[in-house]
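Protein sequence lines correspond, in order, to chains A and B. Residue 1 is where the first sequence starts when you use this note's numbering, and the numbers rise one by one after that. Residue 1 is where the second sequence starts when you use this note's numbering, and the numbers rise one by one after that.
Please keep in mind that the hints were generated in silico from the structure rather than gathered at the bench. Treat the hints with caution; some may be incorrect.
[Unchecked claim] Straight-line C-alpha distance at most 30 angstroms; calculated DSSO-like pairs for lysine-lysine:
1) K163(A) to K131(A)
2) K12(A) to K244(B)
3) K214(A) to K107(B)
4) K114(A) to K60(B)
5) K60(B) to K244(B)
6) K244(A) to K340(B)
The lines below spell out each chain.
2 protein chains.
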Amino acid sequence: MNKTHDKIRMRKIYFTTGPTELNPEIKSFIAEAIENDICSINHRSVEFVDICKDTVKSLKALLNIPDNYHVFFLASATECMDKIITNCVETSSLHFVNGAFAERFYKIALELNKKAQNIEIPYGESFKFKKLKLKEAPELICITHNETSTGVTIDSNEIYKLKKGFPETLIAVDIVTSVPYYNLNFSKFDCAFFSVQKGFGLPPGLAILIVNDKCIEKVQYLKNNKINIGSYHNFISLYENSLKNQTTETPNTLGIFLLGKVCEYLINYNIELVRQETEVKSEMIYNFFEMSDLGTPFIRNVKDRSKTVIVIDLNEKQNEIIKLLEENGIIVSTGYRNYKNTQIRIANFPQHKTEDVKRMLEILSTVK
Amino acid sequence: MNKTHDKIRMRKIYFTTGPTELNPEIKSFIAEAIENDICSINHRSVEFVDICKDTVKSLKALLNIPDNYHVFFLASATECMDKIITNCVETSSLHFVNGAFAERFYKIALELNKKAQNIEIPYGESFKFKKLKLKEAPELICITHNETSTGVTIDSNEIYKLKKGFPETLIAVDIVTSVPYYNLNFSKFDCAFFSVQKGFGLPPGLAILIVNDKCIEKVQYLKNNKINIGSYHNFISLYENSLKNQTTETPNTLGIFLLGKVCEYLINYNIELVRQETEVKSEMIYNFFEMSDLGTPFIRNVKDRSKTVIVIDLNEKQNEIIKLLEENGIIVSTGYRNYKNTQIRIANFPQHKTEDVKRMLEILSTVK
Numbered sequence: 001m002n003k004t005h006d007k008i009r010m011r012k013i014y015f016t017t018g019p020t021e022l023n024p025e026i027k028s029f030i031a032e033a034i035e036n037d038i039c040s041i042n043h044r045s046v047e048f049v050d051i052c053k054d055t056v057k058s059l060k061a062l063l064n065i066p067d068n069y070h071v072f073f074l075a076s077a078t079e080c081m082d083k084i085i086t087n088c089v090e091t092s093s094l095h096f097v098n099g100a101f102a103e104r105f106y107k108i109a110l111e112l113n114k115k116a117q118n119i120e121i122p123y124g125e126s127f128k129f130k131k132l133k134l135k136e137a138p139e140l141i142c143i144t145h146n147e148t149s150t151g152v153t154i155d156s157n158e159i160y161k162l163k164k165g166f167p168e169t170l171i172a173v174d175i176v177t178s179v180p181y182y183n184l185n186f187s188k189f190d191c192a193f194f195s196v197q198k199g200f201g202l203p204p205g206l207a208i209l210i211v212n213d214k215c216i217e218k219v220q221y222l223k224n225n226k227i228n229i230g231s232y233h234n235f236i237s238l239y240e241n242s243l244k245n246q247t248t249e250t251p252n253t254l255g256i257f258l259l260g261k262v263c264e265y266l267i268n269y270n271i272e273l274v275r276q277e278t279e280v281k282s283e284m285i286y287n288f289f290e291m292s293d294l295g296t297p298f299i300r301n302v303k304d305r306s307k308t309v310i311v312i313d314l315n316e317k318q319n320e321i322i323k324l325l326e327e328n329g330i331i332v333s334t335g336y337r338n339y340k341n342t343q344i345r346i347a348n349f350p351q352h353k354t355e356d357v358k359r360m361l362e363i364l365s366t367v368k
Numbered sequence: 001m002n003k004t005h006d007k008i009r010m011r012k013i014y015f016t017t018g019p020t021e022l023n024p025e026i027k028s029f030i031a032e033a034i035e036n037d038i039c040s041i042n043h044r045s046v047e048f049v050d051i052c053k054d055t056v057k058s059l060k061a062l063l064n065i066p067d068n069y070h071v072f073f074l075a076s077a078t079e080c081m082d083k084i085i086t087n088c089v090e091t092s093s094l095h096f097v098n099g100a101f102a103e104r105f106y107k108i109a110l111e112l113n114k115k116a117q118n119i120e121i122p123y124g125e126s127f128k129f130k131k132l133k134l135k136e137a138p139e140l141i142c143i144t145h146n147e148t149s150t151g152v153t154i155d156s157n158e159i160y161k162l163k164k165g166f167p168e169t170l171i172a173v174d175i176v177t178s179v180p181y182y183n184l185n186f187s188k189f190d191c192a193f194f195s196v197q198k199g200f201g202l203p204p205g206l207a208i209l210i211v212n213d214k215c216i217e218k219v220q221y222l223k224n225n226k227i228n229i230g231s232y233h234n235f236i237s238l239y240e241n242s243l244k245n246q247t248t249e250t251p252n253t254l255g256i257f258l259l260g261k262v263c264e265y266l267i268n269y270n271i272e273l274v275r276q277e278t279e280v281k282s283e284m285i286y287n288f289f290e291m292s293d294l295g296t297p298f299i300r301n302v303k304d305r306s307k308t309v310i311v312i313d314l315n316e317k318q319n320e321i322i323k324l325l326e327e328n329g330i331i332v333s334t335g336y337r338n339y340k341n342t343q344i345r346i347a348n349f350p351q352h353k354t355e356d357v358k359r360m361l362e363i364l365s366t367v368k
């Protein structure tokens, strides 16, 4: 068999929830980075400051992040969770747990010796905060907007209500698989974070933490009161460096550069168009499984269904379906934890093409 | 003027101390990574486990790291310092400070509320530990083997003596710009760390922390005694994942892959040859400045001179020399702190070619 042909046939499409399919231009962006010595420049140089400035500017433009929010570069969403707890909590945090990643946030708070509380609902359900009553306002409320483990999304308007009910509380939102599709009003919460290997289609190893001045005031208060805010990546050091468009340590310069390029790419492509396409693709996938005997969407309540992480109950057919897709070069994620062998999770990010979604569904429609 | 010609003329060579010149094969290694979907694979997949295993194996072979030492992937040397203090110190650490990076290690310990002590010597001097007497053995001794800020190296045999003198103390060694040139006996200390954008010529954003079982026992002791060992990247989580050839979080997969490729490259090239070449290049540079009126090596004691970070006093000529080199496409680092405007620092890593060193010295020899 012809080798080239073999290679083309074997080209894989990753519908995994992240790491996932790369932005189609990543290869040329990396070539540009190497051509321009981006990986060799000093992180205190004018060249680096310019890259950092450009990336922050493009990201803020793309996601409509207010000017008075600060952008920090970390290594992973898990690191962001740790740093938020360490830098925004003296004693107590409250966690709304609707899946494995919300639970991780909660467990990190416990590991950091905070009095963390959790309000937990079963996998597959979502939260409404309108009638939320608490004995005491917590210092920090942590919410997972789009649960990558279950495919549940929380209506952003529900999140926005929290600030009204608890004006003194800091609100932290995990938006790991939310952006850039979900158009969020950042002024309605105090900090948020995502990693770049999801909806931005970058190589993994970089996470973005976005915080407002209220978080900076809180860490300053903790420091003044001799509460341990850590050393590496404490918010004071991150903040002071961000004001200079720099980082505390020698950072993942390539990742920062690539993120800026992908943001520009999405702005030029037209983010509204990206959002429309995401909705079309998501409808195609959900509709297929609504109509098919193959499986059913895990999330029963249509309004709670994530547009970017689509979870399907396949039960005993799961393994067969995963294999069939893989034979056709299509990779999806398995379910999480208890659902590892019965569900699949299909990512629907900007870099996932409509034609590839169609192809996936065509392949699935051949199953008897 | 011909555009291509223009581009060739403008190709820069980075003799900076890191980030610096990339390994000459990085571009093709990245292409290989993208071709093989390295940036899209899941970090719990067999594919990732294989990459992780290969990289650790090649790194251990290249640097002669004993089997019973564990390799952790972090984001930066600064993070390594923080994690070593957090996970290996209950109350006290002792820091031998002979430059800015040793000082950073010390200051991180203070920021983490440890009773850190420092023994400080002037920039440009080195340590001998033979006659070291201390009232009390500290829990942890921190040493910077090769000070990137001053170009001073500590004779590794001096470091090896510490274990004899303080058998119960953990010894942590900053080898950020030491490896792969310096052939260290890892069994003579308990942990060590470096970042990949120095002597391995990788893009920045990945650091390697190497620890033995004594460090793991220590963190276990701290945990059992309710001492805060942090959550993210605590040694227990890093260790447990490393046993499975995995990482706690979705890591910098590309960096881990590239490090493995560069280690293989250096093994195939022959690491002994790399070391000989490093010595030849280092002698060329030191000899040039010994003979020249242009400047003088900062480190007076020849034995204390680093082979990989060469610091030259240029005094009032510094700015002119940096500009001259830059006009010829050669980038060097400035001096550090007080020496920012009077010194240059020249990196001499495996990826720095003899012919480029010659060219740099030829250009410098034209200065009257």
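Checked hints:
1. K163(A) to K131(A): 13 angstroms, holds
2. K12(A) to K244(B): Measuring from Cα to Cα gives roughly 26 angstroms; hence the hint holds.
3. K214(A) to K107(B): With Cα atoms ~27 angstroms apart, K214(A) and K107(B) stay inside 30 angstroms; holds.
4. K114(A) to K60(B): Judged against 30 angstroms, a Cα distance of about 39 angstroms means the pair is violated.
5. K60(B) to K244(B): 17 angstroms, holds
6. K244(A) to K340(B): 19 angstroms, holds
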